[in-house]
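A.B. asks: Residue numbers (our numbering), protein chains in the order written: chain V, 1 to 314; chain Y, 315 to 628; chain S, 629 to 942; chain P, 943 to 1256; chain L, 1257 to 1570; chain X, 1571 to 1884.
Treat the hints with caution; some may be incorrect.
Using 27 Å as the maximum straight-line C-alpha spacing, the simulated BS3-like pairs for lysine-lysine come out as follows [to be verified]: (1) Y/K543 to P/K1146; (2) V/K229 to Y/K617; (3) Y/K518 to P/K1157; (4) X/K1785 to L/K1559; (5) Y/K518 to V/K303; (6) X/K1873 to L/K1485; (7) S/K832 to L/K1559; (8) P/K1245 to Y/K518; (9) P/K1157 to P/K1171; (10) X/K1799 to X/K1785; (11) L/K1485 to S/K857; (12) P/K1146 to S/K931; (13) V/K204 to X/K1799; (14) L/K1471 to S/K832; (15) P/K1171 to S/K857.
Just so you know, the hints here were simulated from the structure itself, not pulled from any lab data.
6 protein chains.
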Amino acid sequence: MILRIDRWGTELPPPSDPDPNAAAAVQELMGGRFGEMSTFMNYTFQSFNFRNKQGARPFYDLVANIAAEEFGHIELVAATINTMLTGASPTSNGDGSIEGAMDGLKDARNTQQFIAGGHAALPQDSNGRPWTGDNVFASGDLVEDLTHNFFLETAARQNKLRVYEMVDHPAARALTGYLLVRGGVHQIAYARAIENLTGAQLMKMFPTPRIATEKIPECLPHIERGDHKRIYRFSPDDYQEIAAVFNGQHPETGDELEVVDGPPEGALPNDLPPQPKAFVPDFHPEEIAEIAARLRTDAGLPKEPTGEVNEPAA
Amino acid sequence: MILRIDRWGTELPPPSDPDPNAAAAVQELMGGRFGEMSTFMNYTFQSFNFRNKQGARPFYDLVANIAAEEFGHIELVAATINTMLTGASPTSNGDGSIEGAMDGLKDARNTQQFIAGGHAALPQDSNGRPWTGDNVFASGDLVEDLTHNFFLETAARQNKLRVYEMVDHPAARALTGYLLVRGGVHQIAYARAIENLTGAQLMKMFPTPRIATEKIPECLPHIERGDHKRIYRFSPDDYQEIAAVFNGQHPETGDELEVVDGPPEGALPNDLPPQPKAFVPDFHPEEIAEIAARLRTDAGLPKEPTGEVNEPAA
Amino acid sequence: MILRIDRWGTELPPPSDPDPNAAAAVQELMGGRFGEMSTFMNYTFQSFNFRNKQGARPFYDLVANIAAEEFGHIELVAATINTMLTGASPTSNGDGSIEGAMDGLKDARNTQQFIAGGHAALPQDSNGRPWTGDNVFASGDLVEDLTHNFFLETAARQNKLRVYEMVDHPAARALTGYLLVRGGVHQIAYARAIENLTGAQLMKMFPTPRIATEKIPECLPHIERGDHKRIYRFSPDDYQEIAAVFNGQHPETGDELEVVDGPPEGALPNDLPPQPKAFVPDFHPEEIAEIAARLRTDAGLPKEPTGEVNEPAA
Amino acid sequence: MILRIDRWGTELPPPSDPDPNAAAAVQELMGGRFGEMSTFMNYTFQSFNFRNKQGARPFYDLVANIAAEEFGHIELVAATINTMLTGASPTSNGDGSIEGAMDGLKDARNTQQFIAGGHAALPQDSNGRPWTGDNVFASGDLVEDLTHNFFLETAARQNKLRVYEMVDHPAARALTGYLLVRGGVHQIAYARAIENLTGAQLMKMFPTPRIATEKIPECLPHIERGDHKRIYRFSPDDYQEIAAVFNGQHPETGDELEVVDGPPEGALPNDLPPQPKAFVPDFHPEEIAEIAARLRTDAGLPKEPTGEVNEPAA
Amino acid sequence: MILRIDRWGTELPPPSDPDPNAAAAVQELMGGRFGEMSTFMNYTFQSFNFRNKQGARPFYDLVANIAAEEFGHIELVAATINTMLTGASPTSNGDGSIEGAMDGLKDARNTQQFIAGGHAALPQDSNGRPWTGDNVFASGDLVEDLTHNFFLETAARQNKLRVYEMVDHPAARALTGYLLVRGGVHQIAYARAIENLTGAQLMKMFPTPRIATEKIPECLPHIERGDHKRIYRFSPDDYQEIAAVFNGQHPETGDELEVVDGPPEGALPNDLPPQPKAFVPDFHPEEIAEIAARLRTDAGLPKEPTGEVNEPAA
Amino acid sequence: MILRIDRWGTELPPPSDPDPNAAAAVQELMGGRFGEMSTFMNYTFQSFNFRNKQGARPFYDLVANIAAEEFGHIELVAATINTMLTGASPTSNGDGSIEGAMDGLKDARNTQQFIAGGHAALPQDSNGRPWTGDNVFASGDLVEDLTHNFFLETAARQNKLRVYEMVDHPAARALTGYLLVRGGVHQIAYARAIENLTGAQLMKMFPTPRIATEKIPECLPHIERGDHKRIYRFSPDDYQEIAAVFNGQHPETGDELEVVDGPPEGALPNDLPPQPKAFVPDFHPEEIAEIAARLRTDAGLPKEPTGEVNEPAA
C-alpha cells in the first residue's frame, strides 16, 4: 500500500510562455520507453514479483524503495508539461464564446494534449504513442533485473540530457536538472548492487553518458544540497536495509553514499489555473467552486479549502 | 510523492495447487482495459492534471485519494497471480539440472509469465496483451472525468464478477471478494460526486451489474467489517475534504458512508518461495542469501532480515 | 448514409454444442488482417475517398456497393461466433448464484470473449489481437486499390479455407461455405475491374488458392442458387453502373456474371438466448423484458415485440 | 444487411484553402478513441451481440438504429478531411512532371494522408495512430453498455467541441456543427434509456460538457430544423420500437423528443476533383474516364455517368 | 547465413543542409507498411518458410535472392536519413557545453530521431510508428505469396513516388531514384513469376502507378546502366535458377530481362561525422578514437583504420 | 549489402512428432523482445547509424559483424518452428478433399501459424504478438549501445534457457543448445567491448544467468568444437578489426577468445515437405514442380534442381 503526500519532489517555476511543441518533447520523459512511467513500473513490478524477499532483503528494499520515489517523478513530469501548456488557450472565459479558443493549436505536434487532455500531460511519448506494459522488464532473476535497471537508468539519463538540449522552457530545465541528479543516484544504486552481488566493477563506467553531471547548471543546486549521493527512504517503517547495498563512494564526486530516512522536504505544488474555454475543469469553473464551497459547509468542513498549494504568480 | 508500506490491503491464502491458465485469466484484472492498472493510472493522471484544485478541492481530494488506494490493488493482483503460479516448476533446485523443469508449461495460455517473467504477473491482460496508456482518460473536464470513472468502475465490477465465475483458485477468490467490495466503494464515490455536482440521481443504478454484492460469499467478511461503506484516507495529512463528496447512504445496504483516517490495517505480505530452476531469484538462491547476510553485517545492520513477512505454510 | 435491414445474408443453424476454441479461431474472419472488418473498411474508405467519381463511375459503384455487402458479412461472422459460444455457461439463472458459472472457460483460448464480451464476438483476430486501421489500404490510385483488393480477397479466401479445415462446428461451416462463395464473387469482380482497365488477363489465376469452390460441400447450395456469379445491388437507387465492370464469364464455371437489383432475400436472424449468469443482458433478463413491455405499452406500441426473429430450437 | 444511399447527412462546403494540419486534427473525430468509427463500431457490435432481442426489443432497436446513423457520420468526417486536403498539391497534371508536386507537405503533421492516402482521410486519430478494435465496448450487459454509451457520447461531444475550437476551416465547422447536434441526440437517447431502465435521473447532467449547444453558431440551423430532438429510423421496416425509449423532453430546450421514419433528406455528395500528381485516381485521370465511358457503352448503360453528385465550385 | 559487404548499392551525396522533417517523411520508406523493412522481411520469411524448395526451386531462388537485395535497401534508407540529419546539431563539441545544442529540434516532426536515436534513422514510419511483424505476409501458398509480392511492390512504388514529390533533399532524391528502378525490377519479377505459373498476363499493368519510370530524372542513370532490367545474384553459389522465372521483355522498355552473377559494384559508404553534443558516439569522440587506436595496436593490427570509407566533403 | 548462403549455422533434426504448442513457445526466440529478430535488428540499426566509423572502427566492426551472424539465427529459429509444425496436417493430398484437414489445430495456442502462415514461423512472440521496431535500441552513444547489447544478450540467454526447459522437442533442443553457445559469445563480446572502452570489469558477471553453459547437454558439442570462444567474420573482406576488442580469456572456460575468417561450415538446410491440404505451396504441389521443371528447361538450366538440400528422413 502507499500513502500519498501532496508535495512535489522539487520546486517548479510558475507558468510562463506556453510552448506546446516543447511540452510534446517532454512527453518522452513521461511515456517514452525510458521515461518515468517506465522506471516507476519496472521497479514496482520487480518489487511485487520478488520471491524470497527475506533471502535477498537488501536488494528487495532497494528496488521497492526506488519504485516509491519514481511515483514522485511521474508527478513532476506531468506538472512540468501542464505548466508548459498553461495559457495555450485563454485562461479566463472572457465573452463566453468558444469560437477559435484554440487557434493555432492545430499545428501543435501533439494535438491530443488539447483534444483528449485538458492542456495536460498524457501517458504518451514524444511521438504521441502510448506507454505500454511491454516497457516493463521483471524477469525475477535478480542479477538480470539489476543489469536491466542499470541499463534503463543509463538510457534514461541519455533521454534527459537530450530533452534538456532540445527544450529551454524554464519548467523543463528545472525538471531535467532535478531528474538528472536523482536518476543518477538510481544509476549508481543499481551499479553498486551488481558490484556487491558479483564483484564486477561498474563504477568505472560513470558518468555514462560520458558527461559530468555538474556541467549542467540546473543540476548544481541539487548537487550542492547533496541530493546526488543520497537515497531517501520513502516509507514510515520499511526498507531498512538499503544501506547494505547503497554504500561506498560516489563515482563522480567521491562523496560517501548515504541513506536518509523519510522523503525529501520538496515543495508545495503549484495550483495551475483553469482553462475554461477548453472545459478544464468546466466552462464555468466558478460554478464548481461554489458547489464545492457549499458541499464543504454541508459536511462541516472549513469554509476555505484545506489543501495547501502554491499559487504561483504567472 | 508517496510513502510505501509493505503490507497488503487484505490477507491472501498461501500457495496451493498452481493454476497457470487461471492466473492468465486473472491478468485481466491487472492489465486489462478495466483492470487495476487502469483505475490506478486513470485517477493518478486525473489528479496530476487537475487545474484549479483549490476551487474544486473536495473532488480533487476524492480522486487523488482513490488513486492512492488503487496502488494497493495492483499489488494484490500481482500477489494473487504469483501465488497461483508458485510451484508450477519445482521450488527447489533438486539435482541441479534444468532439463524439463518447465514440462507442461508450453501449454499454458500465457507463456510469457514463465519466459519473460519469473512465474509472475505481467502488465498484460487475459489475452496476453500489454496494458497501454490509451486506457487512461483524463479530459480535465470534471463532470466528464467523473462520468468516465463511474463507467470505469462499473465495467471493472463486471470484469471482477466474470473472473470470479471463471476461476475458483482460493487466491483468486480472496482477491475478487476484496476487490468487488472496494471497487464498489469507488463506484459509489464517483456516482455521489456526480450527484453532488449535477443533481442527477445515480444511486438508483446500483448495484450495477445488477447483482447484490452480498450474494458473493467472499465479499461477506469485508462487508461485515464495514469496508463496503468506507473510504480510507491514504495520506498522513492531505485529502481532508473527501467527506464533502462521499456522504449519504450506501445504495445497497442503506449504511451511512464514512471516511476513515489512514490506511486499513491490512496484512503482512506472504513471502513466496523461490523458483530456482526458473532462475528466480537465481539458480542458487542460497548464494544470494549468503551475500545479503554478509552485506547486512558489513553495513552494521542486524544479522537477520529486518523486513516483516508472512511465511505461509504451503 | 445507410439503411439497415434486420435480416441475415444467409441462414445459420441454431446453437448446438458450444465450442469456445473454435469460436476463437473464427475470430480471424472477423478481426484478422484479412477478415470481414478489413474487407468492409477497406472498400468503405476507398469509396469515401474516391475523387472524380463521375469520371470513374463504374469503378466507384462497384467498390461502394461491395462495401455495403461486407457489412452483412461482419454481421454473419458475429452471429456465428455468438452461436458457437451460446451455452458455454448456463443459459438460465438457476439457483441465482454465480459461483462457478464459467467453470472451464479459463482454459478457453480467448478469455475476453467471456470477460470483456458477453459470450460474444470481439473485433479481434484468432490470436486475440484487435482489428486495426492499419489494415485499411486506400491509396486513391484506382489501379493500385484494385490490385490491393484482388490480393485482399485472395488472402481472405485462403483464410476462409483454412478456418473451414480447422473448425467443424455447423455454424462455422455454414458461415465459411457462404463467405467462400460471396468472397469469390468479389475476387472476380476486382480482377475483372483490373482487366477492364488495363487489359491484363487475370481470369487465368482462378481459382486462387487453387482449389475449386465446388469441392467444398457447404458452398454447393449457394452455387446452385447462382450466388457465385451475382452481384447484388445493395441500394435503393444508386450504383447503377456495376455491370460496366462486372461482366463476362465466371472463371470457374463459365456462367455469365450478372448484377441483381436489391439485396438477397437472406434469412431472419436467430434470436440467441440470454446468458444470465454472465449478465447478458442482465442477471435477471426477465425484469428487462417486463420493463420493455411496459415502455412499449406506454408508448402506444403493440404489446408484443414487433421485430421479427427466428427462435431456433436449440 | 444494409442498403447504401449516396447522399450525405448534411451539406458540406466545397474545397477552399487546403489546410493539412487542420485536417490532421479532424482525424480525431474519425479514428480517435471517441471518434465516429468508435461510435459506429461500438453500437454495431452491441447490436450484433445482443441476446434475447425480443425480450429487450426497444433497447435493441435504439442501439441498432443509432449504429446505422453513425455510418453516415464516418462518411461525413472523411468527406470533410478530403475537402480540406483538396488542392494541397496541384489538381491538374500540368506539364506532366511530378517534381516537387508535394512541396511543403513534408511539414504536414500527418504525412501518411499524402503518402499512404490520396490526399485523404485515414482510419487514424489526430496523432496519426490507427483506430483499433480495443475502442469497442460490448459487454452484453444492457445497463452497462448503455452506461458506456452515455459516457462515450459525452467524451465524443468534448472532442467535437475542442476540434471546433482548434479548426476554423469552413468544412470542419460545418461538420462539427452537425455532429454536435446529432451526437447530442444520441447522448440524450442513451441517458433516456438508462432512466427508463433504472429510474436514475440523468437529464440533470445536460448539457455535458456544460455549454449550451445553441452557443455554437454552426449548430443553429440544425436546431432550427429540429434535428436536435429527432431520431431518424434508418431502415425500411425495422426498429419500430425506438419511441418506447426515446421519449420525454429535450433536456436543453424542453422540446418533445420524436422518432421520424426514414433517413433525413441530406444532401448530394460533392464530387471532389482528382489529384493527378499524387496519382488520385491516376496520373492521367482522363484516360480512366475514357475507359469508363467505353465500358458503360459496352454494357448498354447511358453514355453519361448515372450517379448524381454535387459539382462544387471551388 | 549471410556475408556482409561494407559497400552501398549506390552512391549517396554527402551531408548538406539538414532537413529533419524531410528525414521524418523518408522514414515511410524504412518502417512504413510498404517500406524496405517490409520488403526485406516479407521475402526473408517467405524464403525461410518455403516448403518443398526442390519442387519449386526457380521460385524459391527468386524470392530468397530478392530478400538479400532488400537488406541493402534498408541500409540505403538509413544512410539517407542519417545524411539528412547530419548537422541538425553542431558536429563539433565546441565549448564543451550542451546547453541548447538541439535548439529548434523540438519542432521536428519525429523528435525520437534525436532523443532515442543519434540524429539517425529509426525502424519507424513517417508518422513515427514502429515497423511491426504484422506487415509480413507469408502464407506458404506460392501463387498467393507472389500475388502479395506484386501488390507490395506496387504499393511500395507509389510510396517512393510520393516521397520523391514531397522531399527535394539531394540525398532523398538519390535514394528514391535508385529505389524506384530497383523496386521496379522486383515488381516485374513477381509479375513474371505469376505469369509463368498461371498464364495470366500481368505485363499489361505496367507501369503501375501509371507513370513511366524514365520520367523521373534521378532514375535515368540507373536505367542507362541497365539496372532496370537486371537481377543481381546476391550469393557466392546459390540461387542459380532465377533465370527460369525472370525472363522475357521489360514491360516499359522492351529490353530483355537478365540475371547477373554477384552483387552490383555499388559505392563506398560515406563516413558521416559525429554529433558529439548529442553523444554520438560520445561527448568526446576523439577519446574513443584514441582508445580504438591503442586497442588496434595491442592486437597487432595496423595503426590506421583498415575499413574503407568515403569521407565526403560536407 | 549482403550475400546469402543457403546453409544453416547448425544441423537440425528432421521433422518428428509435430508439437504446435511447443512451436508457439519457440516463437519467443523469434519475435519476442529478446528474440533473434531483436538481436539482428538492434545490431543492424546500430551499424547503419554508426557515425565516425573510422574513429571507432574496432567497435563498428564488432557490431556490424555480429549483426550478420544474427541473420543466420532468425533463419534457424524459423527452421525449427517449421520442423515442429510439419505434419500437423497431412503432408499428402490424399483423397483431394480439405474437410477436417486441420482437425484439432483450433486448440493450438497460435492459430495464426496455420491460418496466416503455412504451418510456419511468424514474426511474433510466444503470446502471438508481432515483433515491433520498438524493440530496437540504437542511441548512437557507443558505451550506451554496448551497455544495452550486453543487457540484451543477458536477457536473451534467460529466454533461451527457459524455452529449453519448457520444450523438449528435438528440434527445439538442437536450436537452443546452439543459440546458447553463440549468444554467449556475443554476450562476452559486448562485455569485453565495454571493458576495453571503460575499464569496468564485467567478466565477473559471467555466467549470467548464473548457470554454467556446459550444464546444458545440447551445448556440449558446440563447446567441444570451440564455438563458445570464437567470432566468425561474416564477410569476404570487411570487419578486420574485431580482434582489437574481442580478446582475452573466456570467463567460463578460460580459453583464449579468437576471431575466425569466414562463416562456419554449418549444414545443408533440410527441405521440409509440403502441406498440400493447407495449400503449402499449393493444393497440388506436383503441378508446381512440373511447371518449375519446364521453366528450367526453357531457360537452358539443368533438368534437375540445382540447389543443394538435405532431404531428411522423417
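A.B. asks: Now tell me, hint by hint, if it's right for this structure.
C.D. replies: Cross-check of the supplied hints:
1. Y/K543 to P/K1146: Given that 27 Å is the threshold and the Cα spacing comes to 26 Å, the pair holds.
2. V/K229 to Y/K617: Holds, at about 26 Å.
3. Y/K518 to P/K1157: violated (32 Å)
4. X/K1785 to L/K1559: violated (42 Å)
5. Y/K518 to V/K303: Given that 27 Å is the threshold and the Cα spacing comes to 31 Å, the pair is violated.
6. X/K1873 to L/K1485: holds (26 Å)
7. S/K832 to L/K1559: violated (64 Å)
8. P/K1245 to Y/K518: The given pair, whose Cα atoms are some 64 Å apart, is violated under the 27 Å limit.
9. P/K1157 to P/K1171: holds (17 Å)
10. X/K1799 to X/K1785: Given that 27 Å is the threshold and the Cα spacing comes to 17 Å, the pair holds.
11. L/K1485 to S/K857: violated (40 Å)
12. P/K1146 to S/K931: violated (31 Å)
13. V/K204 to X/K1799: holds (26 Å)
14. L/K1471 to S/K832: Roughly 32 Å between the alpha carbons, so the hint for L/K1471 and S/K832 is violated.
15. P/K1171 to S/K857: violated (45 Å)
This entry does not satisfy hints 3, 4, 5, 7, 8, 11, 12, 14 and 15, going by the numbered hints stated previously.
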